[in-house]
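Participant: In order, the protein sequence lines correspond to chains X and G. Just so you know, we're using numbering that gives the first Met the number 0 here: the first sequence kicks off at 0 and counts up by one. Just so you know, we're using numbering that gives the first Met the number 0 here: the second sequence kicks off at 0 and counts up by one.
In case anyone wonders, no lab produced these hints; they're calculated from the structure. Among the hints, erroneous ones may be present.
With a straight-line Cα cutoff of 25 Å, these simulated DSS-like cross-link-like pairs (lysine-lysine) come out [to be verified]:
| # | chain 1 | residue 1 | chain 2 | residue 2 |
| --- | --- | --- | --- | --- |
| 1 | X | K328 | G | K329 |
| 2 | G | K102 | X | K323 |
| 3 | X | K321 | G | K102 |
| 4 | G | K329 | X | K321 |
| 5 | X | K208 | X | K196 |
| 6 | G | K329 | G | K102 |
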Amino acid sequence: MARTPGKPVVDEKSATASGGEDDLKEATPRKITRRCFLGTMTAVGASTLISPSHLNAAEGFEGWPNRFGMLTDLTACVGCRSCEKACNEANKLPRPSAPFDDASVFNDKRRPDAKAYTVVNRYADPKDKNKFVYRKMQCNHCNEPACATACPIHAYNKTPEGPVVYNENLCFGCRYCMTACPFYVPAYDYDSALEPKIVKCTMCYGRVKTGGIPACAEACPMGAITFGKRNDLLKLAREKISKSPDRYIDHIYGEQEVGGTSWLYISGVPFEHLGFPTNLPKRPLLEETKGFLSAVPLVFTVWPALFGMCYAALRHRDEAAKEKAETEKKEEVKHE
Amino acid sequence: MSDGATRTENFRSWFMDKLLMGMTWPEYIRTLITPFNIVAALILSVGLPLIAMRFMFGLATITHASNDYPWGLLLGWGLFGGVPLSATGFVMATAYYIFGFKKYHPLVRLAVLTGLLGYFFAVIYLLTDLGRPWRIYYPMTIAFGTASVLFLVAWHVATYLTVQLIEFSPAILEWIRSRRVRKWALRITIGMTIGGIILSTLHQSALGAMFLLAPGKVHPLWYSSYIPIFYLSSSVYAALAMVIVVSTLVARFLRNRADENFLGNLDRLTLGLGKGAGIGIYVYFALKVLGVAHDDHWALLNTPYGYWFLVEILFFVLLPGLIFTCGVKKQRVGAVRFAAFFAVIGIIVNRLNITIITFNWNLPGHLHHIIPPWQEVAVVMSIATIHILLFRWILNRMPVLREEPGYEAH
Ligand code: SF4
Ligand code: SF4
Ligand code: SF4
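For reference, chain G alone in the conformation it holds in the complex:
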């Protein structure tokens, strides 16, 4: 056999092993025909053409194109909702590497991957929404609006994305069996983790601080000089809840990709995370109450927006907290998982409240303006679908839910 032929043969087996998970093409394609994938394909068949249209004919084709409401679901959901739920990497890496909660080892990689993809897709949503996305690097190289909070967010999200990629790289390097590079990547883990803490504290809170510039537009019950602290503290419990949500889903749907270490410990670890999330919720709840007290907004609670505010903090914040606590006390993993889903929804409700639902509350006909056009919903659903597919693609191949034999833990 000639040299070239050997190389082709090597590549073929590498390709089958790594990308097709050891199957041949026809086998692989057959495994792809599942109900989930069919639904995903349907969503994408609507959403992808819409995304193409957006880039050919402008934002008006998929958004409200409103001058009074410059931001819609793409940013409200994708950026402002997505980023707190992607604090998973920062929270778990800090707990594990810095504070020494060693028992959470089976969940650390999953948490870092959740964070990495969460930020990656937050950027995708942003790129879809930016008027001229090809200028995305402008705040880094062309001109600097140093007084802008968004300037800080842009820098931090970009840097943190890189940090997370490095944090996750050992999994990729084990997958492609690059032992030497992996060793280098491991050396800087602690530096990356501390860098991640700095960047995350700052940009999580900065996303809230962005709204400080609009005191006339955000409803006074949600507008508070504490808003950066609200965003930061809620992102911590959001992360813990999100780790529970994601691990529950993968333990259910990708069970064969997980090892005993992951599956066997999951219930115990879920209880531990639930305890932390519960405490996080109480802290956040107390801060929110303090915020109302600080601005003396009690009277506003007795208005329609006030009722909605109460629904948010009692039903979507306090209630999941109570369920967490009860679940942990009674050792009921199911209840803790339920609370985690609930808490995650609560976070999204909060972020949508500030970015969309109460933003411009004093404009006439406000509530009619905030219903997104179906095209924007379809685009958001497609990006979310691609997010899930990529997540699954990685979990199917790389050692995330399992340890790679021959590589020591780190």
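The following block holds chain X by itself, in its conformation from the complex:
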């Protein structure tokens, strides 16, 4: 079913450009409307008209040349947690139980949660057991965010500037976005009964939109977090790697993972040692479900015809049998 016969597969090029997404979105409901069943699908079709079409714009698509990103240089990070503190203050998050200069938090591997958009974790340096490597973790603001693909209410939005933002007013809390996010980012505030919501880094969208830079990048005393145009950051990262090949491994994490992310990382140790998922495909995750969704109109058009025919054949057989029985009966009467 992944690649359904009878429906041309969207070719790779148009799929990675944002057109791919639109193709998919329109193809599915529009065809359904034609076979409008129970009026249901009319409404689904109508959704195509209503829903904004800029969900998941993709890398390589010339439409967003100004898209921003972040570059974290993990070799520069010293684990001071200034970024955590800055994020906490800038976003008015609740005060954590342990202060930001408490190094004991490094004993556990933490993840972003309902009270923190970002956390820094400590890992043993595989090259030198006495040294540590630190990794800052937060939403990667994917080019084709799986969270946005997953959400049935379109509560996520990939903004033209780059940040992936979430709208609490739409969310009903199914948490499929959490299941889908390949980087284990969205958190849920399970403790709230009335207004639980997804919590995740916004890439300081409010600041970015008005020409500012994200709080964590501003706060980092080591300059480990750089904010800028994603294209420039890629160039910068490449430069850094080629200038000091001993310092860095030759991989920009986020350049290609799941179709690329706005947040990029360079590191001195292989990423799998730092808890980064390394088993991810290079193509956007929405590609995985595209084949299935393109089969939907097929089912809506072929099934009624097929099963309708079966039923018609059955009726025909029944009626023929009945007629035959009746003629036989009549003949019997005649013979008598």
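Following the hints, position chain G with the ligands against chain X.
Facilitator: What follows is chain G with the ligands alone, placed relative to chain X:
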């Protein structure tokens, strides 16, 4: 007697006849004191307060409240496990109305009711698990995530629930003796059945397709681009096995609600269903093997998760299939029934494997995270108990296992 008094009297007799099954209140209450009901009451006395707490204090009171494991038993069991077992209505209605397997008539209503309640309770589990269940209609009216597989599932489950209600409505209408409406309901049976086929094929497979978005999280042996087909094909045999399971249970525990047509034909029909289920299992088994071959995952079979995968497909899938085949060949209804229970458990194992047991298999300490808290288990057990009680309530009153005198079959 005044008009009002007559009306009250009419209502009283209607109430006694329909709801108390012809008994007075004290008589009715006395019949309720049975060992089963006492156990049910005990379960509910623990679970219902927990459900209330969940809505007062948030999901954290009954679930793990884990950010890495957003879904637990409520969805793994209730939605992903419940929906394939509720394919009964779609499978039996298709066989009976579209393909003309007329001899299964005594089982069709039971199958439709099993499906209807199965979906209804899948939605109940979902509502318990959603962060803001009062927004359940949002995907239908407020905003549309048309690229989301869950969007499709939401639409289809909602629509199909309505379709099943219409399919089952003749039984309700016979019960309240509404001959005219019943006639209308019967007219659209075929349309509803074909609608049911479309919706079921799509959302059964969509439940599997939901996991396509998480290639990094589902174990590679269970993650396959064929997963929608696996889900669909297993739901077909799951449905046949489930009809056998449910009919076995009602023939045993609600014997007095069934007529001769049902009880007398049951063994013969069970053998027929068993034959179908056996074939369904072989098809599914072959597909699963193809899936491993397609992704060339043979080497993974020789890992701990690989052994568990083999247990699933050999012990929980192939073995019940073989028992079905032997049972049918030797005309041993008991064996077929055993195989059906076994196959149903196998389906649940498969769905739990994908949603819970192997999901996030590569996270450290994974297996410690998947043991559900007792509160969640208690809530699941309570909802399942209410499911059974409602099922029994309906079978006790409406013509499902019997034909209503004066109404022709359809
Ligand atoms: S990292 Fe996760 S939450 Fe952030 S945009 Fe990507 S998929 Fe969405
Ligand atoms: S939890 Fe909210 S944001 Fe996430 S997928 Fe569900 S509705 Fe969308
Ligand atoms: S970009 Fe903003 S929201 Fe995201 S981690 Fe940095 S400070 Fe926090």
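Participant: Does each hint fit the structure? Answer for all of them.
Facilitator: The hints, checked one at a time:
Using a Cα cut-off of 25 Å, the hinted pair K328 (chain X) and K329 (chain G) is violated, with the two alpha carbons roughly 40 Å apart. Taken as a hint, the K102 (chain G) and K323 (chain X) pair is honoured in the structure, with Cα atoms around 21 Å apart against an allowance of 25 Å. For the hint pairing K321 (chain X) with K102 (chain G), the CA-to-CA distance comes to about 18 Å; that is within 25 Å, so the pair holds. Using a Cα cut-off of 25 Å, the hinted pair K329 (chain G) and K321 (chain X) is violated, with the two alpha carbons roughly 36 Å apart.
With a C-alpha separation of about 23 Å, the suggested pair K208 (chain X) and K196 (chain X) falls inside the 25 Å cut-off, and the hint holds. A distance of roughly 21 Å separates the Cα atoms of K329 (chain G) and K102 (chain G); the hinted pair therefore holds under the 25 Å criterion.
Going down the numbered hints, you'll see the structure goes against 1 and 4, while the others check out.
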